[in-house]
Structures are given as C-alpha cells and as structure tokens.
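Protein chains: 2
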Amino acid sequence: MLPIKTAGLGYYLPERIVTSAELEAQLHIPPGWIEQVTGVRARRYITHETALSMAAAASWRALNDAGLRAADLDAIIGASSAPYQTIPCTAALLQRELGAPDGGSACFDVNATCLSFVFALHTAAQLINAGVYRRVLIVSSETAQHSRNPRERESAVLFGDAAAAAVLTRAEPGEPSAIWHTRFATYSSGAEMAELRGGGSRHHPNDPATTREQNMFHMDGPAIFKKATRLIAPFLDEFFAQVSWQRADIDTVIPHQASRHGVEQLTRRLGFTHEQVFSNLAERGNCIAASIPLALAEAVQSGRVKRGQRVALIGTGAGLTLGAVALTF
Amino acid sequence: MLPIKTAGLGYYLPERIVTSAELEAQLHIPPGWIEQVTGVRARRYITHETALSMAAAASWRALNDAGLRAADLDAIIGASSAPYQTIPCTAALLQRELGAPDGGSACFDVNATCLSFVFALHTAAQLINAGVYRRVLIVSSETAQHSRNPRERESAVLFGDAAAAAVLTRAEPGEPSAIWHTRFATYSSGAEMAELRGGGSRHHPNDPATTREQNMFHMDGPAIFKKATRLIAPFLDEFFAQVSWQRADIDTVIPHQASRHGVEQLTRRLGFTHEQVFSNLAERGNCIAASIPLALAEAVQSGRVKRGQRVALIGTGAGLTLGAVALTF
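If you read the protein sequences in the order shown, they are chains V and X. Residue 92 in my numbering sits at position 92 of the first sequence, with consecutive numbering throughout. Residue 1021 in my numbering sits at position 21 of the second sequence, with consecutive numbering throughout.
It is worth saying that the hints were derived from the structure and are not from the lab. Only a predicted model underlies this, so the values are computations on that prediction, with no experimental measurement involved. Here a beta-carbon is modelled for each residue, glycine too, at the ideal position from N, C-alpha and C.
Label pairs and their in silico Cβ distance ranges:
| id | chain 1 | residue 1 | chain 2 | residue 2 | range |
| --- | --- | --- | --- | --- | --- |
| 1 | V | 30 | X | 1211 | 34 to 42 Å |
| 2 | X | 1246 | V | 15 | 56 to 64 Å |
| 3 | X | 1026 | V | 208 | 15 to 23 Å |
Taking lysine to aspartate or glutamate pairs in the DMTMM-like style, the calculated list, with each CA pair at most 20 Å apart, reads:
| id | chain 1 | residue 1 | chain 2 | residue 2 |
| --- | --- | --- | --- | --- |
| 4 | X | 1227 | V | 102 |
| 5 | V | 226 | V | 154 |
| 6 | V | 227 | X | 1102 |
| 7 | V | 227 | V | 237 |
| 8 | V | 226 | X | 1102 |
| 9 | X | 1226 | V | 102 |
Let's have the full structure, built from the sequences with the hints guiding it.
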C-alpha cells in the first residue's frame, strides 16, 4: 500500500464538438452506424488548440483543484501516446508553458500508448512514496488530428481530442487515499493489432519511402477485442487476488474508453455491475492516454467518485498491454 | 540508498564507421575542423541495422552478461530520444524481438532525450526496491539517420548511432552494488536550444505545412554550453552535498558524451581530474540517450570500472535538463 493521493484533477476539452452525424455525412457512412458500432455520439476536435495548450489548460485546473501553484511541483510527467514534438520531451515544454520555475522540477515523459497515464501513475507513486518527489503533475494530452485514417472507418471515427491532468501527493496521516496495487502485462504477440508506424526512426518523416498511410493509426479492432477478451479475465482474477479485493468491493471502475464493446465487456463478462462501470465514451470518444484520467476527473466532478471510495482503473493499450490500478480516491 | 545492481550491460555498434575526414569531404568542411571543434574522429551510422535491431542486439548481450534469459525479465523500458515507431512503445516491440514470453513483462518507454536512460534507471531502481519488479531491462537505441541537418554542421557531424542496454536487479546481501542518489532539474528557459520540432502533433508528418527542416535536429551549441556551464556547478555542488560524497571519492565519472567542450568542462571547471572522467566521444560521437549506458558498458568492458567502485553518471539533455546519479557499480 502506497499512501498516495490524487490531490487535484483537471481536464480540457476542445471547443469544437463533432457529432457522429457530421462524420457520417463527411465519410459517406450510413446514418446511425457510428454510434451503433462504436458507441460514440460525439467527440471533440482541436481547432485553435494544440496538444501543448490543452495540456497546460488541464494542468492549471488540476493545480487549482489541488490548491497548489506550478512552483510547488517537483516533477512533471508527460504521459501521452505521442509527443508534442520529438525533442525536448513534452513535460519540459509544459514546465515553461506553466511558468513553473526554472530548475524547480524534473521533467520526463512516459509512454505506453493508451496506458501512458496509468504507467506514469505507477512510477510517480513509487517516487513520492520513496520521498524523491513530493508533488508530481501527470498530464495526458492527445490529438489524433492528422493520424485518423479516413479509409479505416471504425478507428477514424472513434478518437476524440482531450487533455487530462492529475497532481499526486503523499496522503497525510488520517487521509484515506492510497494506491493499493498496480499490475501490467504486455502481450506483444498483439503488437501489430494497433499501430502507428510513422513518426519515429522506422519510417522517418524525412525518409522518401515513408507513406501518408504509415503516419496514420491502424487498428484491427475485432482482433484486439478477441485477444483482450481472452486475456483480461485471468489478468483481473490475478490482480484482484493480489490486492485481496472482491469485484463487489469497488465503488467505481474507470475503464479505458476504448470502444462500446471494450467498456461493455467489463460489465458483461468480467463480473462488474452496470452501476459500477463509469463511461463517458458516448460524448468523448476514445481519448487515447487522456481517456482514463479524463473519465476519472469527470467522475469526480459529477460526484460519482468521492474521497475515500474504492476505484479501479482498468485499461488496454497498444502493445498489447493490460493494466489495472486499485486505489482509494 | 537503494540496493540495486547493474547485473549486465551490453551494446551494439553499427558496422559502418564514418570518419570525420569522410564527412568533411562530403559536407565541404575544412579538413580537421570536425575533430578540432567537436572532438569526434569517427562515429557509426546504421546501414542494414535499425533502432529496433540494435536494441535487440544490445539487450541480448546485456542479458548474457547478467546470466539471464529474456524470460527472466519482468519489465522492459525503452529509453531513447525518439521511438522506433509512434505506436506501440518501443519496449513492447522489443519484448517480441527478444522472444520474451507474452504477458511475462510490463513494457513502457521513458523519454527525456539524452537523459532518457538515466531517468529510466531512476524509476526502475525505485520499482525494484519496492519489490514491484525483480529484473528490469533498460534499452537506449538511437539513430539520427534522417534527423541530421547537413546545413547545421556542428550538430550534423556530432551524432553517432548506437544502442546500449542494462539489466537491473536487486543487489543481494553482501554485494556492494547500490544507487546512492539521483537528482534531476529541468530549466525550460533553455527548451529551444536543442529541438526536433517534427515527429509529434505540433508538426505532424502528414500536415502539409510541415517542412523537412522541422524534422531535423536543431541545436544552438554555444548557447547550451554557456547555460549548462552556469547551471551545472551549483547543481553538482548540491548533488554531492546530498549524497555526502566528495568529488575525489569517485573512481569514474561517466558523462554524457555531448561534445568535446561538454566533456572537458567536467574536468576543467567542475573539480574532477582528467583520470576520473571517461570518454569514448572521439570514436563514438554523441549517441544521444545511448551515450551514457554505452560509455558505462565500454568502461566496464575495458576494466576501467570494476564491481564495487564508485561511479557518477552526469549528463545534460534537451529540456534543458541536468541529471546525475551516484552509484556503486
């Protein structure tokens, strides 16, 4: 058990709302198909915003929620599926954007695609518990603006843009907050089921052989769903055995908002009730690494998750990686 | 003090050796200029190799050096300045490349440009110490193949391609190995002094406005050197005060092989002797995040660093970030 508290949460949603009806007209998709297949009615797309401006806006709100200033942070962790720019890391750019003092924080990024936030939480919690840092900001900010492949309907309509941030601190004696257990496992036999092959050294933007297609996201949704469904039940059984919680002990499950099937699977097949599982998928889409912290922030804001309650964060990410965190909020 | 041991080290160098004379002829640079200004006589460039194949080769050697198999790993951390591809993270691709068992390890990437390996070491050490993982592989693999800007001489000739890997485990009782202290500080007022603006969402490869120049590395070497020189003396004074070591207590300093001036600065201005500071810059160039683990691996291989000796890893990275680790090897 780590005495770690989510002291503040914040999020930013781009102003522009894109309905599924709008995308259906634009991409020549039959009316009603998108919501039926993906569960998404609307999502946000950036216009004047950038991944960095969204990250800063979400961070301000998280700091405000925690009653802290940027100068109070001693570490900033960027936790998105893709950086704002290759060099330097997004966390360093965010330090400047927030006006956090030069030299006052250690800045680095953690990347595990859709599980980036949860891996960052995993490492930040250990660093705070060990006394290395006292107040850590984790920010996930995602835009799929140029990565959606209009020829791959199911994934192109799934993603929404958003940023979400959390400020972590040590829980003071008497405070209920804690992180009880985290578990991750990567099954790289599924590495090709969700890919964006460009952007790195494999298909560098300046390599004349690199194609537009390689710079777009590709997903074999049915294959991921089949593989994840097979793996996640034993993964969660072991996770709950390790933490000594029953599924019924959990007040709220915050799943990665992967897709309608992905979220429903948690209810139908994995032993949670419909009331336990929080979803913002219909209005937000799949916000990649920002999905889990955004859902948590919205669940807290709406009063669905209260201080002292038991929460499980459960997600899948490209890799294929499964991850789960058991915490008292 | 964390009882953490570097159980194995390995590296891979591309076969092709590129001398400074060759680059001088190619880039119309006066003979002798490159070595005089940067301190680099030769560096390696990939031909048939890729960042992923180099990462795998370095990892095999590190596992072999540790007497372990890929199946023994419970976490794999990719720690490079740029990924192999945007999605999934490089660590997941490496799990498959190594034939490590599906589901047997947690895979994620850590990125802080040239300090990526050192940040990964920082987090892995805490995770092992907390009992979360037992055997962690950290791999840095770098190629600047398409990112060198021939119009920016000083940086274009500086970089070399390489990969280096380390296997970390808990030190058994009686073993001398330990990590005594780590310290990082980011000074984002210097964020624009070393940049690669492309590759992420800011200047996406598919955005028609993105230029070839934005996908190349840009560095204001003199400005970084001036800023780092001013910051690093007080940073190291505080670091050594925190760890209660004198500079003379250290057997070997492994600096980031940033440039001739960067390495010499440690000797001349920062209170180390020429004998203490290890450099492979002349034959390897600046290998970005692979620089520090490669230098450590070469120092150990050559007998320069022996088990039980005191080592300091000291580096600067884009951000601008300073980092230092005090360890007993």
